[in-house]
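Q: The listed protein sequences correspond, in order, to chains B and X. Just so we're aligned, residue 37 is where the first sequence starts under the numbering used here, counting upward by one. Just so we're aligned, residue 202 is where the second sequence starts under the numbering used here, counting upward by one.
Don't read these hints as lab results, they were simulated from the structure. No experiment lies behind these values; they were computed from the predicted model shown. Hints may be right or wrong, so weigh each one.
Said to hold, decoys possible - BS3-like mimics (lysine-lysine), calculated; alpha carbons at most 30 Å apart, straight line:
#1 Lys310/X / Lys297/X
#2 Lys491/X / Lys115/B
#3 Lys115/B / Lys444/X
#4 Lys412/X / Lys460/X
#5 Lys50/B / Lys310/X
#6 Lys273/X / Lys233/X
#7 Lys46/B / Lys444/X
#8 Lys46/B / Lys204/X
#9 Lys460/X / Lys46/B
#10 Lys412/X / Lys429/X
#11 Lys46/B / Lys125/B
#12 Lys108/B / Lys46/B
#13 Lys375/X / Lys310/X
#14 Lys429/X / Lys234/X
#15 Lys412/X / Lys603/X
#16 Lys426/X / Lys460/X
#17 Lys50/B / Lys204/X
#18 Lys204/X / Lys429/X
#19 Lys491/X / Lys108/B
#20 Lys50/B / Lys205/X
#21 Lys273/X / Lys429/X
#22 Lys429/X / Lys444/X
#23 Lys125/B / Lys491/X
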Amino acid sequence: MSASTTYIVKRQGKRPTEAFKAEKLHASIVAVCLSVQAPIGQAEATASSVCNEVTVWLDEKPEVTSEDLRRKAAIVLEKYHQDAAHLYKHHHMVI
Amino acid sequence: MAKKPVFDYDLIVIGSGAGGSAAATIATREGKKVALIEANEFGGESPNWGDIPRRALLQAAHIYDEAKGATKFGLRSGTIGYNYPLLQHWKSLAVKRIGVGNNRQYYEKQGISTFTGTAHFLSPHEITVNRRHLSAEYFLVATGAHYNIPNVIGLEESGYLTPRSILELTRPPKSLYIIGGGGMALELAQLMATLGTQVYIGEVASRLLPKIDNEAGELMERLLKEQKGVISLTETRTLSIQKEGLGRRITYSRGGVEKTIRVDEVLVATGRMPNVDLGLENASIAFTPKGIEVNDYLQTTARHIYAAGDVLGQSTQTHTALLQSRIAAHNLLKKNKVVPDYTATPRLTSTFPAIASVGLSEDDCLRRDLATSVAMAPLSMIARSTTAGFSDGFVKIIADKKGVIIGATIVSPAAGEMIHELALAIKYELTASELAETPHAFLSWGEAVRVAASKLIL
Chain B
37 MSASTTYIVK RQGKRPTEAF KAEKLHASIV AVCLSVQAPI GQAEATASSV CNEVTVWLDE
97 KPEVTSEDLR RKAAIVLEKY HQDAAHLYKH HHMVI
Chain X
202 MAKKPVFDYD LIVIGSGAGG SAAATIATRE GKKVALIEAN EFGGESPNWG DIPRRALLQA
262 AHIYDEAKGA TKFGLRSGTI GYNYPLLQHW KSLAVKRIGV GNNRQYYEKQ GISTFTGTAH
322 FLSPHEITVN RRHLSAEYFL VATGAHYNIP NVIGLEESGY LTPRSILELT RPPKSLYIIG
382 GGGMALELAQ LMATLGTQVY IGEVASRLLP KIDNEAGELM ERLLKEQKGV ISLTETRTLS
442 IQKEGLGRRI TYSRGGVEKT IRVDEVLVAT GRMPNVDLGL ENASIAFTPK GIEVNDYLQT
502 TARHIYAAGD VLGQSTQTHT ALLQSRIAAH NLLKKNKVVP DYTATPRLTS TFPAIASVGL
562 SEDDCLRRDL ATSVAMAPLS MIARSTTAGF SDGFVKIIAD KKGVIIGATI VSPAAGEMIH
622 ELALAIKYEL TASELAETPH AFLSWGEAVR VAASKLIL
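Start from the sequences, fold in the hints, and give me the full structure.
A: Shown next as structure tokens:
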């Protein structure tokens, strides 16, 4: 099963389930990297690396929750940018 | 009054291996509506790719080895050989005859709903399998474990075998480097060396079988070297692996010196890691990469979810997983919860001679600062070793200061059978004198147990 067919259950099913979009994840990682003052080039490169690893992780998963996706992305992001990962994990509370 | 939630099933068991199958069967017999989820082949690791095929091949290899050495009994066996595809056929036949592997129909006949796919928790009472949502009042997580792949430079790129894939080879490799020196590594080392492979074992610890008795590890290292030409590289860290033609070049560090060897294949046998990537966070289940945390009753931090088997990260023995599965089924069905008793659970390595142990080891006793007495009876002390023409092995028994047996290790051709006598002794707190006074049949390997026990009489 390819990652394109992985579906994301949002807000414990309270919002409609939607297919995983790598671009959406990419944009969120870029945004969080820029929020911690990372240069745009680094933000883009980090987002690409994170997206690749998350896509591999999703490869054999037909369905995951949005929380799973956030957790996994944060774990991968931690390898590249710890401050960004912290913000990504806790941005609900930070905001 | 709050309405009781309606679930699709009373119990969903995730994993059809030893940790899950028993519970699914027991709960169904109790009239519960049960679903069983399996990501691979029904039956799990042990019957499909683990214990059963490996031991079927080990048995064939052992007979071949015995026949080759039969000249000492006056038998002519100089021309004996083997046909590897037929050995593979024997292995497949053994798996088929056991009937536990790939047994989906067995569960369906019992009324268990079966699903193939990876389960993923969406919430504490709901999972998804191939985008199908299933809910249950109770869950049992028995997802088993996967092979732990060490971080060695070039390992992924150059390719490697696992204890599963090595059993599927079309012919034994000419040379093999094994990363890891535990029980499974030794079984496979002996299997391949018997079939003519030059085997190297790279182990980080100072001896093979670092988790079991000192003498057992040292004896096996000596036997593998003398009888099979296996080269044990203890205190060795594998640094890198490079593809070189059809083979691989291994660089390892030993005693601060870097060396290289060239082999045909590399086998990774560095243990297993629990399969915990199934959305456990969504069900509020506490876990670490080393396994799911459970209480004495095998309940996870979400009390309606139980866990059993290799996913707990405690033991990799199939009989322990079965015990946990039965206990988990009892605890989720009955009000009087019970605790699994591991004190007399035997541990077995199916080499030749086999290595079996039960209860505490000498190291355990040292760590706990227990006053103990230890007695060892070499197999050469009993008559059976003479008639069988095999005397490498021993029975070691550990007793506390009152003479009560608390641990034992056996290295013997029949260690797997002999250990149960000592397991029973440990479970029912028998003393060494009670064991020694029990008649043991003359010319049985069991006589060594009596001899060791009699040495402990105060």
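Q: Next step is simple, just say for each hint if it's right about the structure.
A: Against the structure, the hints come out as follows:
{"no.": "1", "hint": "Lys310/X / Lys297/X", "result": "holds, 18 Å"}
{"no.": "2", "hint": "Lys491/X / Lys115/B", "result": "holds, 20 Å"}
{"no.": "3", "hint": "Lys115/B / Lys444/X", "result": "holds, 29 Å"}
{"no.": "4", "hint": "Lys412/X / Lys460/X", "result": "holds, 27 Å"}
{"no.": "5", "hint": "Lys50/B / Lys310/X", "result": "violated, 37 Å"}
{"no.": "6", "hint": "Lys273/X / Lys233/X", "result": "violated, 60 Å"}
{"no.": "7", "hint": "Lys46/B / Lys444/X", "result": "violated, 45 Å"}
{"no.": "8", "hint": "Lys46/B / Lys204/X", "result": "holds, 26 Å"}
{"no.": "9", "hint": "Lys460/X / Lys46/B", "result": "violated, 54 Å"}
{"no.": "10", "hint": "Lys412/X / Lys429/X", "result": "holds, 23 Å"}
{"no.": "11", "hint": "Lys46/B / Lys125/B", "result": "holds, 16 Å"}
{"no.": "12", "hint": "Lys108/B / Lys46/B", "result": "holds, 15 Å"}
{"no.": "13", "hint": "Lys375/X / Lys310/X", "result": "violated, 46 Å"}
{"no.": "14", "hint": "Lys429/X / Lys234/X", "result": "violated, 53 Å"}
{"no.": "15", "hint": "Lys412/X / Lys603/X", "result": "holds, 27 Å"}
{"no.": "16", "hint": "Lys426/X / Lys460/X", "result": "holds, 20 Å"}
{"no.": "17", "hint": "Lys50/B / Lys204/X", "result": "holds, 20 Å"}
{"no.": "18", "hint": "Lys204/X / Lys429/X", "result": "violated, 68 Å"}
{"no.": "19", "hint": "Lys491/X / Lys108/B", "result": "holds, 18 Å"}
{"no.": "20", "hint": "Lys50/B / Lys205/X", "result": "holds, 21 Å"}
{"no.": "21", "hint": "Lys273/X / Lys429/X", "result": "holds, 18 Å"}
{"no.": "22", "hint": "Lys429/X / Lys444/X", "result": "holds, 26 Å"}
{"no.": "23", "hint": "Lys125/B / Lys491/X", "result": "holds, 23 Å"}
Hint compliance for this structure: hints 5, 6, 7, 9, 13, 14, 18 are not met, and every other hint is.
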